[in-house]
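Visitor: Residue numbers (our numbering), protein chains in the order written: chain V, 1 to 391; chain Z, 1 to 316; chain X, 1 to 397.
Misleading hints may appear alongside valid ones.
Claimed, not checked - Below are the BS3-like pairs computed for lysine-lysine, each with C-alpha atoms no more than 30 Å apart in a straight line:
1) LYS279/Z / LYS82/X
2) LYS366/X / LYS271/Z
3) LYS379/V / LYS366/X
4) LYS155/Z / LYS130/V
5) LYS379/V / LYS77/X
6) LYS271/Z / LYS380/X
7) LYS77/X / LYS279/Z
8) LYS130/V / LYS115/Z
9) LYS366/X / LYS125/Z
10) LYS366/X / LYS380/X
11) LYS115/Z / LYS48/Z
12) LYS380/X / LYS279/Z
13) LYS271/Z / LYS375/X
14) LYS125/Z / LYS82/X
15) LYS48/Z / LYS77/X
16) LYS366/X / LYS44/Z
Unchecked claim - Short, incomplete list of chain X residues facing chain V, as computed with Cβ under 8 Å:
17) ASN53
18) GLY57
19) SER130
20) GLU132
21) PRO134
22) GLY135
23) GLN316
24) GLY356
25) VAL369
26) ALA371
27) LEU378
28) GLY381
Hints are computed from structural coordinates only; laboratory data are not their basis.
C-beta atoms are modelled at their ideal positions from N, C-alpha and C, and glycine is treated no differently.
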Amino acid sequence: MAITILPPVAEDLGPYQADSDESIGMDSDSDSDVEMTGSTRPHKRPRLHSKNIGTGIITPGEVVTDDPQWMRGHGTYTNPLSTSIIATVAGTVHKTNKLLSVHPIRARYTPEIGDLVVGRIVEVQSRRWKVDVAAPLLAQLPLSAINLPGGILRRRTSADELQIRTFFSEGDLVVAEVQSVHQDGSASLHTRSLKYGKLRNGVFLAVTGTGGSGTPNSSVKGGVGSGSSGAGAALGATTGTGGVVRSRRQVWTVSTANGGGDVNVILGVNGYIWISKHADGAAVASSTTENVSIIRMEEMVSSSIYSSQNDDIPPQTRREIARLAQCIQVLVQSGVPVDEHSVTSAYEASLQVDLEVGDDEDDEDEWRQEGREYLEGTKAQRVLELAMQDK
Amino acid sequence: MTDRRRINGPPGGTRPAVYASLLQSATGAADRAQRQRQPTDLRKIFLKTGLIPSASGSSYLEFEPSASLAAARANPKSLIPPSSALKLACTVHGPKPLPRSATFSPNLVLTTHVKYAPFAARRRKGHIRDASERDLGVHLETALRGAIIAERWPKSGLDITLTIIEAEDDRWWGDAPDSHDASWGMMNVLAGCITAASAALADAHIDCLDLVSGGVAALVSEDMTGSSGPPRLVLDTDPAEHRSIVSACVVAYMPARDEITELWLKGDSSKAALEDDDKRPGHEALIDGAVDAARGAHTVLGQAVRESIARTVGSA
Amino acid sequence: MAAQRQASSASQTPHLSPAELSYLYTSLSLPKTPIRPDGRSTTQFRPLTAESNILPGTNGSARIGFADGTQAVVGVKAEVEKTTVAADTLDARGLFQQQESPAAAAGDREAQEGLGSAAVSGHGSWVQMSIEIPGFRDDDALPVFLSEMLRESLVGAVSGSGGEDMAGGLKGRLVINKRWHWRLYIDVLLLSQPLSYPLPLLSLTTHLALLSTKLPKLKSQGEEDPLFDDDWAAAQYLYPRSAPGSTAPVTTSQQVRPPVTLLVISVADNVIFDPTREEIAVADAVLAISVARDGGHDGLKLLSIRTIDPPSRLTQPGVPNSENVNMLANATSVDDSAAGGATAVNLATGDEEVSGVWRPRRGGAKRSVLARMVKTVLRKGGVGEEVLEGLEGVEVE
């Protein structure tokens, strides 16, 4: 069938379903239409005069505490006439010693020093680029913060300024590190490492990045679709948060099945993801000259950092890259945090599902088989279940 | 589409007086214009470039009025002209630098404006561009963008303005407005716009892959005698000459590359009556017909551009 | 200015890097089994959720949502209006006779005097369509272009033969009698800025809304001033359907459905349906094809085709390594090994291309390509039929 049209289903209501211990199976969304009439809506408990600090979810304007011993942190404000601390965002209360802060349930990416980000050049100025990193403000990448081709170390001249578009131009994707964060919250990036630079040989994916201050509290932006809500119910057991989280490794290489070879995954902390064919720098080098020194090899690699020409990528690799991208989409749409572990387990689960499905559909006609790589609906749900089992 | 920034008059508007013709009522249908040309004959086109000195490129295009118009002028039976012919002017301004506020563009930024003169059609058009004019603008832009080599002019803009001085009728003036209320005349106008704009672009020395020309073909469901039958393919239709147009198609075509940059087909083309050995589906026959019409326009276009070059060389 | 530029081209083109464009194009142009970024097959649509009859204050309504969160809501409202005789219909009586005689008059002949046959076959302007897309002014090129495109196929060209016309075009159904007609307002609302070219979404939603549209049952007869049954339950569908409980079997010619407009792109030799924004960005040709079920016999009828400006013409070109100044510095070491790339002629465009380097598309589409795209839609048991079937499934819910 070329087109799938589903009846609308009530949206998943998140944490409150997580509390319920009903086992959620594949068919749980069939009766959810009936339940949607507000009975599962969170009840707001009056907390206005409680001495204790509110727990759970709190909304803007709610008094977190009126005990004067606490200091106010992010996401709160105080009325000058009283001692009470009032929330300004909806989220959960966090205590750090005597500091009270409210972490929003869903937040946009705020850059922090050392973050590995994937960004898109949106503007070229005379000495710097403006980069979209999904933050409220555009980040800047100064001309002085990039590697020159061949790794030459020298001052940037006006000649470099004139040919600034030959390094990065509008629309180009870069992987970079946040070097500093300015007063206004905008970031300054650098690409002074061989692992940073222009991206090619792959596909780009935008999901939600980490919220506020590194807590994995961000939630899904794109998870509105009801196609995913069935899957969303399946993770009742998980935390209900999603998007890319800060983790030990943001960049790793997957050796894919089905003859796909090695594939690099770059999870930008800002939620921008790049999945590409693993470029074997050493192989490139050794193909030209027999024995190369390490320094020479680095030169080789760095010479291609400003290339916008893709290598030859076999269809098998493209197929596995598409599969990885879908796995991440499935994770994001159902609110599972995206990190190395969840991505790899989802990838393996999708391979397993493919085997199962492949057996079922042997007698289907040909074009049906063509679309079998598309993960949606029940298939996505199955992938998710398997991936969560591994956890 | 209402204009929200101005206070508009009543939506109804006024209508010009229509004089009931004393001569006409007796004869009735006899006055209906008839196509005198063969189905594959095109109307003559007058096309001249470089008429507007202040523009970097310009052209003027006129279709030969149908035979019935000439006859009616010589021997008026009614005060109302039986059909109108297309007359339009095109100006090209640029390439010129983009405004400072514009974002960087590696390509030539093309903007097209199509505007009917208020007096172009039988019913007056307002000064604000209406939906059909904007629609034509989009079609024209699609047609031209495929022909222009945009990366030859980075960071610059090009404005193309078409003024339709006299528009083609959508139907015979005496027909009830419903006999086919689809705007078939608009398709002829678009074809004319494409050809004229192409000439103006050549006049402005903008790099193009080929001179792109517009052509129209239609399926009409009556033959010369007026009796209806299965729809036949007719090139370069004048809507005033046909009682019932079933389907029509306009293309922008580049003969050198045998490519279509713009295609707009509407109506039911499935019942076309083709030659017996012709196995093409109706819509393909229609597209091929429009391409043939565009080839015809292309010869005029090529000649006009050549003439304009010869003029400049001669005067230099 | 910038907004307008984007609006006129197929969608707000995302600024994709040349490397991404090249990767996408090569993936999508793989012969026979193109690899779409989301793994769909060429004819597969993104799953969508649909419901109709959601707004009680309208005559018909529908909502469709894509999994990416884009949603469209359509409300159809009908008003009774007096049919005015157009002033430019000269000598309507004389004309009327020749109008009526070949067309096997559908209405009664007693009230012919002084009326154009507009009263019989309806008029296209009785259907008003407006499309509201966040981020666009209502007179921007995109909404205007889209609404013209949808309206054009809805109103349909009906000048064929006899009673089939009445079934085919929407306008014929709006006639109440010689002096009165319905005016239909179709208002389309997109709830968020579109993530891809919104045409299929809008068209499918409009289709559903029209399917669910009901008009009050007429109590008066003939040429009386219209009087309607105020029982909403007795209202009749604008597009009659064969309800399971109904006694009178509906003839095939009455089982007409509103048209749908499908967005089709071609990349090299492949024809791809329901493209995402990224896929449109590399397309060689983009077509909007409107089809409807043929009243008489099985199969689909083509109603209109429009080309849409492929945004691939406006993209940034990639720089081949051999011309990259940043690589010339040590070109001696790289020379023509892995970085060189083979020059090949792209058959779809006829341009010379270095593999792996993006070149903006130039020129138009070959006739054979366009013909293939149309054929894929119209093919028996093809995508067009499946989409219509899928949509018919919705009304049963």
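Visitor: So, for every hint listed, does it hold in this structure?
Guide: Hint-by-hint comparison with the structure:
no.: 1; hint: LYS279/Z / LYS82/X; in the structure: violated (47 Å)
no.: 2; hint: LYS366/X / LYS271/Z; in the structure: holds (24 Å)
no.: 3; hint: LYS379/V / LYS366/X; in the structure: violated (39 Å)
no.: 4; hint: LYS155/Z / LYS130/V; in the structure: holds (19 Å)
no.: 5; hint: LYS379/V / LYS77/X; in the structure: violated (40 Å)
no.: 6; hint: LYS271/Z / LYS380/X; in the structure: holds (17 Å)
no.: 7; hint: LYS77/X / LYS279/Z; in the structure: violated (44 Å)
no.: 8; hint: LYS130/V / LYS115/Z; in the structure: violated (39 Å)
no.: 9; hint: LYS366/X / LYS125/Z; in the structure: violated (37 Å)
no.: 10; hint: LYS366/X / LYS380/X; in the structure: holds (24 Å)
no.: 11; hint: LYS115/Z / LYS48/Z; in the structure: holds (20 Å)
no.: 12; hint: LYS380/X / LYS279/Z; in the structure: holds (17 Å)
no.: 13; hint: LYS271/Z / LYS375/X; in the structure: holds (16 Å)
no.: 14; hint: LYS125/Z / LYS82/X; in the structure: holds (24 Å)
no.: 15; hint: LYS48/Z / LYS77/X; in the structure: violated (50 Å)
no.: 16; hint: LYS366/X / LYS44/Z; in the structure: holds (27 Å)
no.: 17; hint: ASN53; in the structure: violated (12 Å)
no.: 18; hint: GLY57; in the structure: violated (19 Å)
no.: 19; hint: SER130; in the structure: violated (25 Å)
no.: 20; hint: GLU132; in the structure: violated (20 Å)
no.: 21; hint: PRO134; in the structure: violated (15 Å)
no.: 22; hint: GLY135; in the structure: violated (17 Å)
no.: 23; hint: GLN316; in the structure: holds (5 Å)
no.: 24; hint: GLY356; in the structure: holds (4 Å)
no.: 25; hint: VAL369; in the structure: violated (20 Å)
no.: 26; hint: ALA371; in the structure: violated (20 Å)
no.: 27; hint: LEU378; in the structure: violated (14 Å)
no.: 28; hint: GLY381; in the structure: violated (10 Å)
The earlier numbered hints that this structure contradicts are 1, 3, 5, 7, 8, 9, 15, 17, 18, 19, 20, 21, 22, 25, 26, 27 and 28.
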